[in-house]
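A.B. asks: Each protein sequence line maps, in turn, to chains A and B. Number 249 in the working numbering belongs to position 161 of the first sequence; there are no gaps in the numbering. Number 415 in the working numbering belongs to position 90 of the second sequence; there are no gaps in the numbering.
Since the hints were derived computationally from the structure, they do not count as laboratory data. By construction, the Cβ of each residue, glycine as well, lies at the ideal position given by its N, Cα and C atoms. A couple of the hints might just be wrong.
Beta-carbon label-pair distances, calculated as ranges [to be verified]:
| id | chain 1 | residue 1 | chain 2 | residue 2 | range |
| --- | --- | --- | --- | --- | --- |
| 1 | B | H491 | A | Q359 | 55 to 61 Å |
| 2 | B | R615 | A | W104 | 56 to 62 Å |
| 3 | B | Y334 | A | Q124 | 26 to 32 Å |
| 4 | B | G388 | A | P242 | 57 to 63 Å |
| 5 | A | R304 | B | D487 | 35 to 41 Å |
| 6 | B | A420 | A | R304 | 54 to 60 Å |
| 7 | B | P389 | A | E119 | 36 to 42 Å |
| 8 | B | Y334 | A | Y212 | 33 to 39 Å |
| 9 | B | L461 | A | A448 | 29 to 35 Å |
| 10 | B | L461 | A | L253 | 43 to 49 Å |
| 11 | A | P281 | B | H491 | 33 to 39 Å |
| 12 | B | Y334 | A | D199 | 53 to 59 Å |
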Amino acid sequence: MYVAVKGGETAILNSWKRLAEARRGDPAVPEIALDQIRCQLGLAVDRVMCEGSLYDPELAALAIKQAQGDLVEAIFLLRAYRTTLPRIAASKPLETSRMRLERRISATFKDLPGGQILGPTYDYTQRLLDFTLAAEGETPRLAPAECNTSMPTPRVVGLLDHEGLIEPEYVPDGDPEPGDLTREPLEFPASRPVRLQNLARADEGFLLGLAYSSQRGYANTHPFAGEIRYGSVAVEIVPEELGFAIEIGEIAVTECEMVNQFKGTGAVPPQFTRGYGLTFGYCERKAMAVALVDRSLRAAELDETVSAPAQQEEFVLYHSDNVEASGFVQHLKLPHYVDFQSELELVRTLRAERARERAA
Amino acid sequence: MSAISGTGYNYAYLDEQTKRMIRRAILKAVAIPGYQVPFGSREMPLPYGWGTGGIQVTAALIGPDDVLKVIDQGSDDTTNAVSIRRFFARTANVATTERTREATLIQTRHRIPETPLAPGQILVYQVPIPEPLRWLEPRETETRTMHALREYGLMHTRLYEDIARHGRIATSYDYPVVVNGRYLMRPSPIPKFDNPKMHMSPALQIFGAGREKRIYAVPPHTRVESLDFEDHPFEVQKWNESCALCGAHDTFLDEIVMDDRGGRMHVCSDTDHCTTRQARASAAETLEARA
Numbered sequence: 089m090y091v092a093v094k095g096g097e098t099a100i101l102n103s104w105k106r107l108a109e110a111r112r113g114d115p116a117v118p119e120i121a122l123d124q125i126r127c128q129l130g131l132a133v134d135r136v137m138c139e140g141s142l143y144d145p146e147l148a149a150l151a152i153k154q155a156q157g158d159l160v161e162a163i164f165l166l167r168a169y170r171t172t173l174p175r176i177a178a179s180k181p182l183e184t185s186r187m188r189l190e191r192r193i194s195a196t197f198k199d200l201p202g203g204q205i206l207g208p209t210y211d212y213t214q215r216l217l218d219f220t221l222a223a224e225g226e227t228p229r230l231a232p233a234e235c236n237t238s239m240p241t242p243r244v245v246g247l248l249d250h251e252g253l254i255e256p257e258y259v260p261d262g263d264p265e266p267g268d269l270t271r272e273p274l275e276f277p278a279s280r281p282v283r284l285q286n287l288a289r290a291d292e293g294f295l296l297g298l299a300y301s302s303q304r305g306y307a308n309t310h311p312f313a314g315e316i317r318y319g320s321v322a323v324e325i326v327p328e329e330l331g332f333a334i335e336i337g338e339i340a341v342t343e344c345e346m347v348n349q350f351k352g353t354g355a356v357p358p359q360f361t362r363g364y365g366l367t368f369g370y371c372e373r374k375a376m377a378v379a380l381v382d383r384s385l386r387a388a389e390l391d392e393t394v395s396a397p398a399q400q401e402e403f404v405l406y407h408s409d410n411v412e413a414s415g416f417v418q419h420l421k422l423p424h425y426v427d428f429q430s431e432l433e434l435v436r437t438l439r440a441e442r443a444r445e446r447a448a
Numbered sequence: 326m327s328a329i330s331g332t333g334y335n336y337a338y339l340d341e342q343t344k345r346m347i348r349r350a351i352l353k354a355v356a357i358p359g360y361q362v363p364f365g366s367r368e369m370p371l372p373y374g375w376g377t378g379g380i381q382v383t384a385a386l387i388g389p390d391d392v393l394k395v396i397d398q399g400s401d402d403t404t405n406a407v408s409i410r411r412f413f414a415r416t417a418n419v420a421t422t423e424r425t426r427e428a429t430l431i432q433t434r435h436r437i438p439e440t441p442l443a444p445g446q447i448l449v450y451q452v453p454i455p456e457p458l459r460w461l462e463p464r465e466t467e468t469r470t471m472h473a474l475r476e477y478g479l480m481h482t483r484l485y486e487d488i489a490r491h492g493r494i495a496t497s498y499d500y501p502v503v504v505n506g507r508y509l510m511r512p513s514p515i516p517k518f519d520n521p522k523m524h525m526s527p528a529l530q531i532f533g534a535g536r537e538k539r540i541y542a543v544p545p546h547t548r549v550e551s552l553d554f555e556d557h558p559f560e561v562q563k564w565n566e567s568c569a570l571c572g573a574h575d576t577f578l579d580e581i582v583m584d585d586r587g588g589r590m591h592v593c594s595d596t597d598h599c600t601t602r603q604a605r606a607s608a609a610e611t612l613e614a615r616a
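Can you build the whole structure from these sequences, using the hints too?
C.D. replies: Below, the structure is given as structure tokens:
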């Protein structure tokens, strides 16, 4: 009987075996391959890379397979791997204006240099279940697009800049290195680079809820989607021994720039302000949520009243990480016999005292 | 130290730079007893909230000559303790024990062993929430200022409100203490029964909070006082029962539900202490029978 209290190494080993069995499922169904996940569940791979902070579609696919499609678990697997990797170099800032575009839309201007590119999106589909997919129907391949991606595509928000209508974006004095959340503890007040880093790693669902709350009156940022672009961008590093930049590869990113109304202060005339979001891969919903929350978190800096959750830096940054949140919520499954015993004893004592008082 | 062949990971999992960073945080924590030192907590292959702070502290301290004991709720055989012990046996190739006396390093969740600790031993606590003022003030920027100013009135008020409402302080675990007469500290969710064991302990006590990225410490022979009032002195839990297995009446007892008709049995929460007492009793019986 007392054995029931114990975990037991054998029980744990057996649980591992059951997990492997459950992951594989019916052995009569062919096993899923990593390239199938990578190629056909690309949006899941992108989310895992983004929140796992590691750009590696192969490993993300492995994590998704190992986690049976539980993306938060897959993110955790990727993070725990990432933490052991050495730092070889820091890249130069990405030049997203030189992005090889797959998609680029603006909700603020009807037409703009470089044009609007819809690209692969669910935006204009009718959400009807497509039963031809169930019948394993193959989609006809498109001829290579004749799009004008060779045209320069300046960032839309920059167009406002020429008129001084939007707050200028300047590089801070001395262009300091951004902090690294995975190497240094979060401290407050956090710099904007650290905030954006936190938001890029943050749980999509959490940010989506916060961003939504800011649109419904818990903070109010009056946002317009200035520009959303998705595509591939070159990553460059400057090796010390060379002293000049070399390209080491390309990554796919989604970038969102929100344009927000701002009434101005005594010193600053009315102008538009910015909210910014960047993600690995194609994570448009998340990039938009990041941009909205980024702008909300600038409330104090812009002299706005800080009253809503989306504006509270500590609240947002401390609770945005799903690996932290998932671990702590689920730690309640661990034994708490001792604390519970202590509470049991306390509640009994308090009840006995109450009963004595009543009797007296 | 070299990588262990086959695992692909460094000795005790963390790379040496990270261990150095954690050791620096530990040294600062020892130098300022009870002060929470922020550190660059890493993502571990175990979930946050399951001992990642304690594991990082242990990984930074452990060496091949150490003997490691891991307990959860006082027991060496609960799932979490088993899992963490396996982790270090695998990655640090270290000897493990269930005996409190034999261990050089003890990682614990929610208990301090009943067997008194000795000089040279290190007790590593797993900490979920390091900030004692957190449930009174959620903002970290505020609580850090309160510590800097030694502004602990809020906590005294809370304890006073308990007395006003319940006639006693209604905190039974994670009971706040003051370390070395200066910093208010959360002892992690140990029962208040264990609080007196922290006071002037000859062992080094280190607290690791991984998710919250804080390390704090109580050096050996340091004052650790549980908060109380002159007319409501601090007292620990007492049981009317004694341990059904070893007969101890001075240990923390777990209540085991025997049936659905209210049947209960009480046994020591510290399994090593309990089995050692049982072994000693049965040895004494054998001796008696021989005599």
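A.B. asks: Could you work out which of the previously given hints the structure breaks and list their numbers from low to high?
C.D. replies: The structure breaks hints 2, 8, 11; every other hint is satisfied.
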